[in-house]
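The lines below spell out each chain.
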Amino acid sequence: MALLEVNQLCVEFPTRRGVLRALDNISFGIEPGEILGVVGESGAGKSLTGAAIIGLLEPPGRVASGQIIFDGKRIDNLDQEAMRAIRGRHIGAIFQDPLTTLDPLMSVGKQLIETMQTHLKLSDRDAKARAIQWLEEVGIPAASERVFAYPHQFSGGMRQRVVIALALCAEPRLVIADEPTTALDVSIQAQIITLMRRLAADHGTSIMLVTHDMGVIAETCDRVAVMYAGRIAEIGPVGDVVRSPHHPYTEGLMGSIPSLESRVARLRQIDGAMPRLNAIPKGCAFNLRCTKAIARCQDERPELLPAGTTQAACFLVQEGAQ
Amino acid sequence: MSDRIVLQANDVARHFDVSRPALQRLLAGEKKRILRAVDGVSFQIVAGETLSLVGESGCGKSTMARLAVGLYAPTQGSITFEGQSMHAALADTSLRRKMNMIFQDPYASLNPRWRVRDIVAEPIKAFKLLSSRKDIEDRVGQLLTQVGLSAHDGEKFPHEFSGGQRQRISIARALSSEPEFLVCDEPTSALDVSVQAQILNLMRDLQERLGLTYLFISHNLAVVRHMSDDLGVMYLGRIVEQGPAEEIFRTPRHPYTRLLLDAIPDISAVGRQRTPVGGEVPSPISPPSGCTFHPRCPLANARCKAERPMETKVDGVAVACHAVEEGRAA
Amino acid sequence: MSAISRFLDSDFVYSFRRSPVAVVSAVVVLIIVLCAVFAPLISPHDPFDLASISLLDSLKPPAFSPDGDWSFPLGTDDQGRDVFSSILYGTRISMIVAVLAISFSLVVGITVGLVAGYAGGAVDAVLMRIVDVQLTFPAILIALLVDGVVRAVLPPAAQDALQLDVIVFAIGISRWPQFARTVRGSTMIERGRDYVMAARVIGISSPRIMVSHILPNVLGPVLVIATLNLGLAVLDEATLSFLGVGLPPTQPSLGTLIRFGNNFLFSGEWWITIFPGLTLAAMVLSINLLGDWLRDALNPRLR
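Residue numbers (our numbering), protein chains in the order written: chain G, 39 to 360; chain Y, 1050 to 1379; chain D, 920 to 1222.
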């Protein structure tokens, strides 16, 4: 059974100019122990998806329809109290900026201990020992001394490691990581993604990794969902999506990323820009920018259709033109 | 292609005094704290080509960008532009208008209260290139079309445009003084990948068409590979390796360059297993002695701790590394 | 879309229309302003034309009480002056003083703030110390002090003629520091932005950058504070006049009217001081509420 199932999820924002649909019928699943990447450009709705799952949608945004099922139970219709019990204990979160995630006035050890004692029944002594253990596991040197240090006494990369420890210490089965390495230097990024992969494997945790950085996804994830204008354009095993994408947007996206491997004369360019939420075209959201659009694309919205090992929301897959 | 040197940096250093206010310092008995943002950098940029400076945070590339366009004066060393000292070039309007800059943040680099046409026209008016309103208006329209926008867009305000479009406006502004040399400070770092592709393509087209010379600053090695002729890798205010970009990418020699290239998550490296080098970039206020990379370097020896390496030339690439000099690097 | 229709459709106007407080206070302020501006036209009597007042009319109560007279809707004072007309003219003077004083404050405060924020270093330190020192005193004390000193310095003949100028100067001087502080803070933020650097790259001079680039971007919060200060300036002037060091009886403001009327409060002729008092309260309250709304409405834009 999938650990997380998202079915036809719609998230809306009522504004004075009408209702904006920020997520439009998103469906996907995460298996236990899997790392799913959610990639997309700004405004695609990837962060919103994570926020909706963990119950942290900022009002007036709300789940308008659809279901989020975690471990067999629905969680999208829970009240704040019930959601709080799930957050931390069953679903953990890692956000982009470690400086604002950690409480600057509490030592890192105390924050770990507090989190663990809230969700797990541990004695003070055990909690402290576990806190030190976690710091060691995430690679903080001299953990038993640094357990009482404050966040500002750590460097950026170390702080993010603490955040990872904090997200994992209550032993959740799913962690939502929203741009966990974007604010870090390149050489530190590499260390953090390796760490996350190892921890996920060791503890059997699933990760939903939200980012705009395709390189990070390629190296970390098992499967990837490519989002565009609040919808999933393509989803499948990461190698297949990267090397042989079926959706024209995914194709364009992969082609526009400069690679370290070689230098091309001209980067592949998708003209235009992602439509704003209040200007999403009828039919396929990408049809106005798509070089391969057919008549059908302007009227009907494509569902996710099987395309080899992946699924792509594109009629061309069906028509056999891909 | 001519070998004319547009910009030359000679052992340039730029220090910032970041000590606490004098009174508090005296009371606490602290010494002055000097941030050596750029600590002895030398390079040349040939006309029509792109030199990229790449590195992580604290390496001094942004400071170097500002030095190259005269916003800061060097604390030590000198910079020459078109053969003249930077100081003289800044005073000479005909030379000054030949350099301009494109900034990283498309949301902060355009004055939100000015209309786009005034933003783009500012350099034209500042350098008195055209005088009649009609001429200026026409030229602004021309520039906007050149960067892929429309002439009507001049009427609008910056907030009406997306990040990529604002960056185009920035480019139009930079081009309006008819420069020959552009410093590009992370021009696509704040943009989405597909928009970045549009902007990078545009920049290369403009370079070809107008014969521009670029100093391109970035932390993204893949972008740099796409854009550069020459490359300088910076670490804590110094250039550790510099030379033709292709050569460096093909055969990186400095241990830091190798670390960087290895660390970058690349889409062609699906599922790569890696053993990354540990450690983080130290603070530039109290950098390590000798070769500043030695705490993280797998090839460091006693000499590296004590002595700052000079540049050694290997196959057209200048590398500042004792191990390379001594032939220890594989 | 024309500029007007774009403005009317904007979030700013929308937020205004949705807020009953903003609309009501704006209406009140507008009424008061219009009455004051057109005082000579709408006032039933000219209370300062000595020929038109008669002691026979003195101390008449407001029109709705038994002895009242509708030609004097709010009653008369001890000299026979119509209270309603006095209020109209008085409001006029109060407003003129407030607007002039705050304008003066704005000019000085914005200039100092821009220079301090842009130049930084020693210049900033010195200017801000001056601001800090002045801010330790209540504004009204400063106004009193300046008022007293200037009067002492001026020859008696000039004193009467310049009384309006003196009080405008005194109130203006007492209120510039807060503008300077706000503008300095905003300037320091804007100074670091890339668009300022872009201007410096092409060699635009510092004064030019301050005025054409930075100033338009720092005016927002300043205008909000200015609105709130308008109400305070009206009160300052009323206080000074009440204390007798403000405007002369020949040009009475609301404060002067309140002061004179105060003498009659306990002998039963309450209307002479209460009505000017209510007008003052309504005016200051409405200006404050409008200023509050303005601050909140502009705030998300500033982000």
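In case anyone wonders, no lab produced these hints; they're calculated from the structure. A hint or two may mislead.
If you want the footprint, here are the derived chain Y segments under chain G, 3+ residues with CB under 8 Å [what the hints assert, rightly or not]:
1) 1126-1134
2) 1236-1243
3) 1248-1260
4) 1272-1285
5) 1313-1319
All C-beta atoms in this analysis are idealised placements derived from N, C-alpha and C, irrespective of residue type, glycine included.
Against the structure, the hints come out as follows:
Only residues whose C-beta sits within less than 8 Å of a C-beta in chain G count toward coverage, and the stretch 1126-1134 of chain Y has 0 of them, not enough to reach three; the restraint is violated. For the stretch 1236-1243 of chain Y, the assignment as covered by chain G holds, since 3 residues bring a beta-carbon within under 8 Å of that chain's beta-carbons and 3 suffice. For the stretch 1248-1260 of chain Y, the stated coverage by chain G holds: 3 residues have a C-beta nearer than 8 Å to a C-beta of that chain, and at least 3 were required. With a threshold of 8 Å between beta carbons, the proposed coverage of the stretch 1272-1285 of chain Y by chain G holds, since 3 of its residues qualify and at least three are required.
Counting residues of the stretch 1313-1319 of chain Y whose beta-carbon sits less than 8 Å from any beta-carbon of chain G gives 7, enough to reach three: the coverage restraint holds.
The structure fails hint 1 only (numbered hints given earlier).
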